[in-house]
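Visitor: Heads up: the sequence lines are chains A and B, in that order.
Residues in the first sequence are numbered consecutively from 1, following this note's numbering.
Residues in the second sequence are numbered consecutively from 114, following this note's numbering.
Quick caveat, the hints were computed from the structure, so don't treat them as lab data.
Cβ atoms here follow ideal geometry from the backbone N, Cα and C, with glycine treated the same way.
There are no misleading hints in this set.
Just some of the chain B residues that point at chain A, by a computed CB distance under 7 Å:
| hint | residue |
| --- | --- |
| 1 | G155 |
| 2 | L156 |
| 3 | F203 |
| 4 | G219 |
| 5 | Q220 |
| 6 | G221 |
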Amino acid sequence: GDSVTQMEGPVTLSEEAFLTINCTYTATGYPSLFWYVQYPGEGLQLLLKATKADDKGSNKGFEATYRKETTSFHLEKGSVQVSDSAVYFCALSRGGGSYIPTFGRGTSLIVHP
Amino acid sequence: DSGVTQTPKHLITATGQRVTLRCSPRSGDLSVYWYQQSLDQGLQFLIQYYNGEERAKGNILERFSAQQFPDLHSELNLSSLELGDSALYFCASSVAPDRNTEAFFGQGTRLTVV
Numbered sequence: 001g002d003s004v005t006q007m008e009g010p011v012t013l014s015e016e017a018f019l020t021i022n023c024t025y026t027a028t029g030y031p032s033l034f035w036y037v038q039y040p041g042e043g044l045q046l047l048l049k050a051t052k053a054d055d056k057g058s059n060k061g062f063e064a065t066y067r068k069e070t071t072s073f074h075l076e077k078g079s080v081q082v083s084d085s086a087v088y089f090c091a092l093s094r095g096g097g098s099y100i101p102t103f104g105r106g107t108s109l110i111v112h113p
Numbered sequence: 114d115s116g117v118t119q120t121p122k123h124l125i126t127a128t129g130q131r132v133t134l135r136c137s138p139r140s141g142d143l144s145v146y147w148y149q150q151s152l153d154q155g156l157q158f159l160i161q162y163y164n165g166e167e168r169a170k171g172n173i174l175e176r177f178s179a180q181q182f183p184d185l186h187s188e189l190n191l192s193s194l195e196l197g198d199s200a201l202y203f204c205a206s207s208v209a210p211d212r213n214t215e216a217f218f219g220q221g222t223r224l225t226v227v
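Start from the sequences, fold in the hints, and give me the full structure.
Guide: Structure below.
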């Protein structure tokens, strides 16, 4: 079945450091890929998405590129801020009649001043 | 604010009891999803409804059931509760079950079984 694998956290960085959170997936067909972010005490909210191979999703300085050849969708940000501290979830939603978003386990990011 | 409303925000109950969690989707959204989030299992898909009908089932226990009403709100019923059912339960909604459609999440109901 479909699955999403994320790097385990927590990821601890200093402010202005470069961020990469790895995500790989397994799915049949051509899934859409998403990154969601969960701030403390809140629900998940969409950060960015990409719907086909080589698409780049971007939002709030975060970027991720849909790489079909490596089945990956790594999240990057050039300079993190304390306010980016949250849990990040990679997810996919594939076609073929089953559009249920499948989530990775989440990666906690802690940014220190 | 995602537009998805979940009540109650917190629930503490004893083992063996039954509880009902409620979700009101975003205005115009026809599809509702329920997820369970626990520390050891991550975010697990439970069940999906679309326009009042069950569309897909995930890792939902037989002790759990759900429904979506004509006004599109949804309820998740958890019965014969066990300590291991303690978790955050999220509801999400989308316009339609489409591979490109973003799901909007509520703030969750934190269930504690004691």
